Amino acid sequence: MSVHLHWFLPTGGDGRTLVDRHAYTDGGIRRDRITPVSGVRAPDIEYLAQIAKAAEQLGFEAVLTPTGTWCEDAWLTTVALTQVTERLKFLVAFRPGVISPVLAAQMAATYQRISRGRLLLNVVTGGDSTEQRRFGDHLDHDRRYARTDEFLQVVRGVWGGAPFDFKGEHYQVEGGLTALPPDPLPQIFFGGSSAAAGPVAARNVDVYLTWGEPPEEVKQKTDWIRGLAEKEGRTVRFGIRLHTISRGSSKEAWATADRLLDDLDPATVAAAQQALSKSESVGQQRMLALHGGSRDKLEISPNLWAGVGLVRGGAGTALVGSHAEVADRIEEYHSLGIEHFVLSGYPHLEEAYWFGEGVRPELAARGLLEAGPAPLHGVPAANGRPASAPGGAPLLIAGGR
14 MSVHLHWFLP TGGDGRTLVD RHAYTDGGIR RDRITPVSGV RAPDIEYLAQ
64 IAKAAEQLGF EAVLTPTGTW CEDAWLTTVA LTQVTERLKF LVAFRPGVIS
114 PVLAAQMAAT YQRISRGRLL LNVVTGGDST EQRRFGDHLD HDRRYARTDE
164 FLQVVRGVWG GAPFDFKGEH YQVEGGLTAL PPDPLPQIFF GGSSAAAGPV
214 AARNVDVYLT WGEPPEEVKQ KTDWIRGLAE KEGRTVRFGI RLHTISRGSS
264 KEAWATADRL LDDLDPATVA AAQQALSKSE SVGQQRMLAL HGGSRDKLEI
314 SPNLWAGVGL VRGGAGTALV GSHAEVADRI EEYHSLGIEH FVLSGYPHLE
364 EAYWFGEGVR PELAARGLLE AGPAPLHGVP AANGRPASAP GGAPLLIAGG
414 R
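The numbering of the sequence shown is the working numbering, which starts it at 14 and goes up by one.
Derived by calculation from the structure, the hints in this document are not laboratory data. In this text the structure is predicted, and so the values were computed from the model without any measurement. A hint or two may mislead.
Straight line, CA to CA, 25 Å or less: simulated DSS-like cross-link-like pairs of lysine-lysine [to be verified]:
| id | residue 1 | residue 2 |
| --- | --- | --- |
| 1 | K244 | K232 |
| 2 | K244 | K180 |
| 3 | K310 | K234 |
| 4 | K310 | K264 |
| 5 | K232 | K180 |
| 6 | K234 | K244 |
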């Protein structure tokens, strides 16, 4: 079982600090700012193309896009980026409640042909009723997961190549099909920590994603999903979503993490925590419980730092340390059955180089990476810093995955 490395595509904007640097809004915490703040890298196609090309050059397998009203549409953005990359895959996040499952199946099939088989799907059921209502979706939390269950049954049925009928509570389909099914079928990624989410994963998905909790908690979650899948006669693979702050030395990495807290006054943290506490997502509540809104003891497990979650929704932890230490933690999660590592760090362009030129060789030397096209290398690093990574301390607050 090899490690699969993925990066993140910041389709809502990029920045250098934990204080919000979102290009459009602050991810729903407040909506009183409609113009970008100074220092934001807007998610224009040129900047996103730089990140996609860097990820491909550095040997990442895919890039994840978020979904929501605060970012660009993932389908349209990534299909454009398939035209400026060659082998990079795109893990496209979307909400099943706002699109027909037959249309989604057709879009995936078209995407596979345009991209020559480079689509992966990340199904986001949604843990925030306020955000869902912006899309016109008024179902409660558990019914959204029940609808996702039906949605994925229809998508897989329609991909079968023959007319497909389905009659459920949320969807009734007669003769649904795609004229040309996708080849290969896109792998389906999915996350959810609630009792309603587990059976959906067990019945339908290829890869179950968890946010970055301490290893013992991750093991409990994967054991839970694995057991449910076995009852369904299926096997599910596992992935984890984390930020990274990787440097030539542990001291430098932790100094970078410490600097990220400099802009966080108590009022900023309190406002973010109050907003995030309203989320219906069980996964979000688990993220909040890791730090309790306090700056004390943010290293919740060796090299696992919860500082990101003080102000950011979604993935709230980062692997912090020397390249070797970060590789140690990835190896530890891998030993628990985690195959897919979906990573990010702000700004995304620089941090892709820090990880790709620092940690990836460590993982390769340990035999954890699949043999494949070698990453392309540019100018050698100088003074312990990748020459192509111009700067320092990065992490963005925004809602999303």
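Legend entry - Agreement of K232 and K180 with the hint, judged by alpha carbon distance not exceeding 25 Å: Cα-Cα ~36 Å, so violated.
Inset, instruction - Quickly compare the C-alpha distance for K234 and K244 to 25 Å and report which way the hint goes. - result: Holds - the C-alpha atoms of K244 and K234 are around 16 Å apart, at most 25 Å.
Inset, instruction - Would you mind confirming whether the straight-line C-alpha gap from K310 to K264 stays at or under 25 Å? - result: 17 Å, holds
Legend entry - Holds or violated: K310 to K234, with C-alpha atoms at most 25 Å apart: Judged against 25 Å, a Cα distance of about 23 Å means the pair holds.
Legend entry - Pairwise hint evaluation, K232 against K244, where the allowed Cα distance is 25 Å at most: 18 Å, holds
Inset, instruction - Would you check the hint for K244 and K180, treating anything up to 25 Å between C-alpha atoms as holding? - result: Given pair K244, K180 holds - Cα atoms ~24 Å apart, limit 25 Å.
Comparing the model with each numbered hint stated earlier shows that hint 5 is the single one that does not hold.
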